[in-house]
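**Q** Spelled out, the chains give:
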Amino acid sequence: MTQKKIRVLLAKPDLDGHDRGAKVVALALRDAGMEITYTGLHNSIDQIVNAAIQEDVDVIGLSIMTGAHLSIAKTLLHRLKRESVDDMCVIIGGVIPKQDISKLEDLGVDGVFPGGAQFDEITTSIKKMIAERGE
Amino acid sequence: MGVAKYIKNEKDAIEEVIYQSGIKVKPSYGPKDLEEVGFDYEKDLADPGQYPFTRSIHPQGYRSRAWTTRQYTGFGTPAETNARFKMMIAHGQNGLNVAFDLPTQMGLDSDDPKAKGEVGRVGMAVDSLKDFEIAFKDIPFDRIGAGLTINANATVMLAMYQAVAKKYGYPKEKISATPQNDILKEMIGRGAWIFPVEHGVRLVGDSIEYAVKELPRCSPVSLCGYHIRESGATPAQEIGYSFEIARAYIENVVARGLKPEEFVGGFSFNLNVYGNLWEQIAKFRAARKLWAQMLKEEYGVTEPKKLFLRGLFGGGGSGLTKAQPENNIIRSSYYALAAALGGAQTTALCSFDEAFTIPTPRAALLSLRTLEILMDEVGLRDTVDPLAGSYFIETLTKQMEAKIREEMQKIKDLGGMINAVSTGAIQSEIANQAYAFEKGMQNNELIKVGVNKYAEEDEPEVELHEYNETWAKDQIASVQEVRRTRNTRDVVRCLKKLEQVSRDGLNVMPCLVECCDAYATVGEMTGVFREVFGEWREPNIF
Chain A
75 MTQKKIRVLL
85 AKPDLDGHDR
95 GAKVVALALR
105 DAGMEITYTG
115 LHNSIDQIVN
125 AAIQEDVDVI
135 GLSIMTGAHL
145 SIAKTLLHRL
155 KRESVDDMCV
165 IIGGVIPKQD
175 ISKLEDLGVD
185 GVFPGGAQFD
195 EITTSIKKMI
205 AERGE
Chain B
487 MGVAKYIKNE
497 KDAIEEVIYQ
507 SGIKVKPSYG
517 PKDLEEVGFD
527 YEKDLADPGQ
537 YPFTRSIHPQ
547 GYRSRAWTTR
557 QYTGFGTPAE
567 TNARFKMMIA
577 HGQNGLNVAF
587 DLPTQMGLDS
597 DDPKAKGEVG
607 RVGMAVDSLK
617 DFEIAFKDIP
627 FDRIGAGLTI
637 NANATVMLAM
647 YQAVAKKYGY
657 PKEKISATPQ
667 NDILKEMIGR
677 GAWIFPVEHG
687 VRLVGDSIEY
697 AVKELPRCSP
707 VSLCGYHIRE
717 SGATPAQEIG
727 YSFEIARAYI
737 ENVVARGLKP
747 EEFVGGFSFN
757 LNVYGNLWEQ
767 IAKFRAARKL
777 WAQMLKEEYG
787 VTEPKKLFLR
797 GLFGGGGSGL
807 TKAQPENNII
817 RSSYYALAAA
827 LGGAQTTALC
837 SFDEAFTIPT
847 PRAALLSLRT
857 LEILMDEVGL
867 RDTVDPLAGS
877 YFIETLTKQM
887 EAKIREEMQK
897 IKDLGGMINA
907 VSTGAIQSEI
917 ANQAYAFEKG
927 MQNNELIKVG
937 VNKYAEEDEP
947 EVELHEYNET
957 WAKDQIASVQ
967 EVRRTRNTRD
977 VVRCLKKLEQ
987 VSRDGLNVMP
997 CLVECCDAYA
1007 TVGEMTGVFR
1017 EVFGEWREPN
1027 IF
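In order, the protein sequences belong to chains A and B.
So for the first sequence, the numbering used here puts the first residue at 75; every next one is plus one.
So for the second sequence, the numbering used here puts the first residue at 487; every next one is plus one.
No lab work stands behind these hints, which were simulated from the structure alone.
Errors might be hidden in some of the hints.
DSS-like cross-link-like pairs, simulated, lysine-lysine; straight-line CA separation at most 27 Å [stated by the list, open to error]:
| id | chain 1 | residue 1 | chain 2 | residue 2 |
| --- | --- | --- | --- | --- |
| 1 | B | Lys602 | A | Lys148 |
| 2 | B | Lys529 | A | Lys172 |
| 3 | A | Lys172 | B | Lys808 |
| 4 | B | Lys529 | B | Lys808 |
| 5 | A | Lys172 | B | Lys602 |
According to the in silico footprint, chain A covers these stretches of chain B (three or more CB under 8 Å from chain A) [to be verified]:
| id | segment |
| --- | --- |
| 6 | 505-513 |
| 7 | 588-598 |
| 8 | 862-873 |
| 9 | 921-933 |
| 10 | 987-999 |
Covered stretches of chain A, going by a simulated chain B footprint (3 or more residues, C-beta under 8 Å) [unchecked claim]:
| id | segment |
| --- | --- |
| 11 | 95-104 |
| 12 | 107-114 |
| 13 | 155-167 |
| 14 | 200-208 |
Computed from a prediction, not measured in an experiment: that's the story for all the values here.
Beta carbons are placed, not taken as given, at the ideal position from N, Cα and C, and that holds for glycine.
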């Protein structure tokens, strides 16, 4: 059975330009056989959601370093809902304090990977969440 | 171990050591090694203070003057930041290094919808001259210089600094500001760019040209290998790329009819200290020599002072870890040692809690104390360039010099730095290296104490700086009051003129000072540039 490639949109929302993490994860996911679209810097949530819909991705990954992850996640999930998108997983990486991981998950984020997360862990989680969505 | 590669045998003895820049290190060094690399005291080192300044730009190094300490500081509103500046100065800090929030760095006013959630978060919010008046209140401009960590719209902030100094009675000839103002490195790392490459470089050129005539004590550009390294470059690339970036700026200004001799004295450097200790020290020594040689041989600069590589060697951010954060205090001490042994003029350290967020006052003060202990207690002021003559260090310095030259040549082969950045060739190279490095960390080829060796399950909680939502509210109210109370006609006139000057290719600086005097906002001034220049579109590297 040939499996369809998992499509991931990686994005840097808003103003922050520290994209080492986003680029490194993009390369790791690509090596793990996924198809990657990277939005580049300074994207509004609207731009990210539009790109995700246009590219018909399975996963939206946000890299956030500024501490604004909770408000960004809320806005993104709200926008997805408004666009009636319910088949995309959302993952967040970056500088995420431990106590905020469960808060993000409660909001509806499917996976949180703070700096230092292992590539294996990220790819395995993505595959698992896609499989669960498909069921 | 650390960032270098170590190949060990079955008895855990080290068989091979390879530094990030690709230099292999031997178990021991002697006179023969110096012979092999062609080491010549007069040519390669010379006495401290003598060309090519490998040992030091000053004959006596820290004996005549200790380094300037400039912790990166700024958060919330200008009032909060002013209080923190004063606290740091009261504890012995003798320079400022201003952190701006992202909306300011991206040229957006605090009440711009795109600024939402970011006002005062990672630095101080600045909208107009009123904010600089508050931030720099009671700061002695003639005694304390200020680094301004801003790039895409550094011209705006340099103009505002001149305007606030004037307001407080300091003539522009007396003030010393170092705006970061290195747009090409923003495009390679860090990411706070706005305008397309050629317009970004033109603004850098404008500030250099202006400073030559009007701001003789300012250093209009700080070449930041620092952020390029943070993005994944090797130490040799950090220096090589900075020099090739400098070349792009030099050529822009030369095209305006100025001679390099007239303006290169205004270039300073911001370089990284994390990594292997010896590799950093060799890097700083080799960089000083190569910079002096490049300016003298390629650009005909003769006055010794103009050949100095003056720099802030510090930071070390990507060396710090969230795991066992107190280890960062110790790590940073060694990074600071590298800066001192490398002959830094200015320094600053990332604080131990900065892997999480911007530092608490306690953490910032610990960083300052680390620097003070080196100068006042441990003996780093005793003698200049104490490692000179070491078989190892001198061999390594020569090897590093060769590696840096190789990196410079690669950029030339890519058609120069502007081309390398526009095509994304350099960003791609660095991203691949960052990925290889991360893989090395994950498979334990590279060692980080507390992360992939000696890790602990339970981490103690650390007290962290917390973002206060009311700062944004206060700042928004403040900028709106400025807009209500200023002379609107003046502002409109100045901004119109700025647009014309920008379109005509004239130097924007004098007009920016007028705009600042009239309380035009950062968003309005940068907005004019946005309209005239457009915005950069990053090359896709995937």
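**Q** Taking a Cβ-to-Cβ distance below 8 Å as contact, does the segment 505-513 of chain B have at least three residues touching chain A?
**A** violated (count 0)
**Q** Please work out if A:Lys172 and B:Lys602 have their alpha carbons no farther apart than 27 Å.
**A** 24 Å, holds
**Q** Hey, A:Lys172 versus B:Lys808, does the alpha-carbon distance stay inside 27 Å?
**A** 11 Å, holds
**Q** According to a criterion of three or more residues whose C-beta lies within less than 8 Å of a C-beta of chain A, is the segment 921-933 of chain B covered?
**A** holds (count 4)
**Q** Can you take a look at whether the segment 95-104 of chain A is actually covered by chain B? Rule is 3+ residues, C-beta closer than 8 Å.
**A** With 6 residues closer than 8 Å to chain B, the segment 95-104 of chain A meets the three-residue bar; holds.
**Q** If you look at each residue in the segment 155-167 of chain A, do at least three have a Cβ nearer than 8 Å to any Cβ of chain B?
**A** It is violated: at least three residues are needed, and the segment 155-167 of chain A offers just 0 whose Cβ sits closer than 8 Å to chain B.
**Q** Given as covered by chain B, does the segment 107-114 of chain A meet the bar of three residues or more with CB within less than 8 Å?
**A** The restraint on the segment 107-114 of chain A holds, since 4 of its residues have a Cβ under 8 Å from chain B and three suffice.
**Q** Taking a Cβ-to-Cβ distance below 8 Å as contact, does the segment 200-208 of chain A have at least three residues touching chain B?
**A** With 0 residues closer than 8 Å to chain B, the segment 200-208 of chain A misses the three-residue bar; violated.
**Q** Is the straight-line distance between the alpha-carbon of B:Lys602 and that of A:Lys148 27 Å or less?
**A** 13 Å, holds
**Q** Could you grab the alpha-carbon distance between B:Lys529 and A:Lys172 and see if it respects the 27 Å cut-off?
**A** Answer violated: B:Lys529 to A:Lys172 is near 54 Å, above 27 Å.
**Q** If you count the residues of the segment 862-873 of chain B with a beta-carbon closer than 8 Å to a beta-carbon of chain A, do you get 3 or more?
**A** Check failed, 0 qualifying residues.
**Q** B:Lys529 and B:Lys808: Cα distance at most 27 Å?
**A** Not satisfied, since the Cα-Cα distance of roughly 44 Å exceeds 27 Å.
In this structure, the earlier hints numbered 2, 4, 6, 8, 10, 13, 14 are contradicted, and the remaining ones agree with it.
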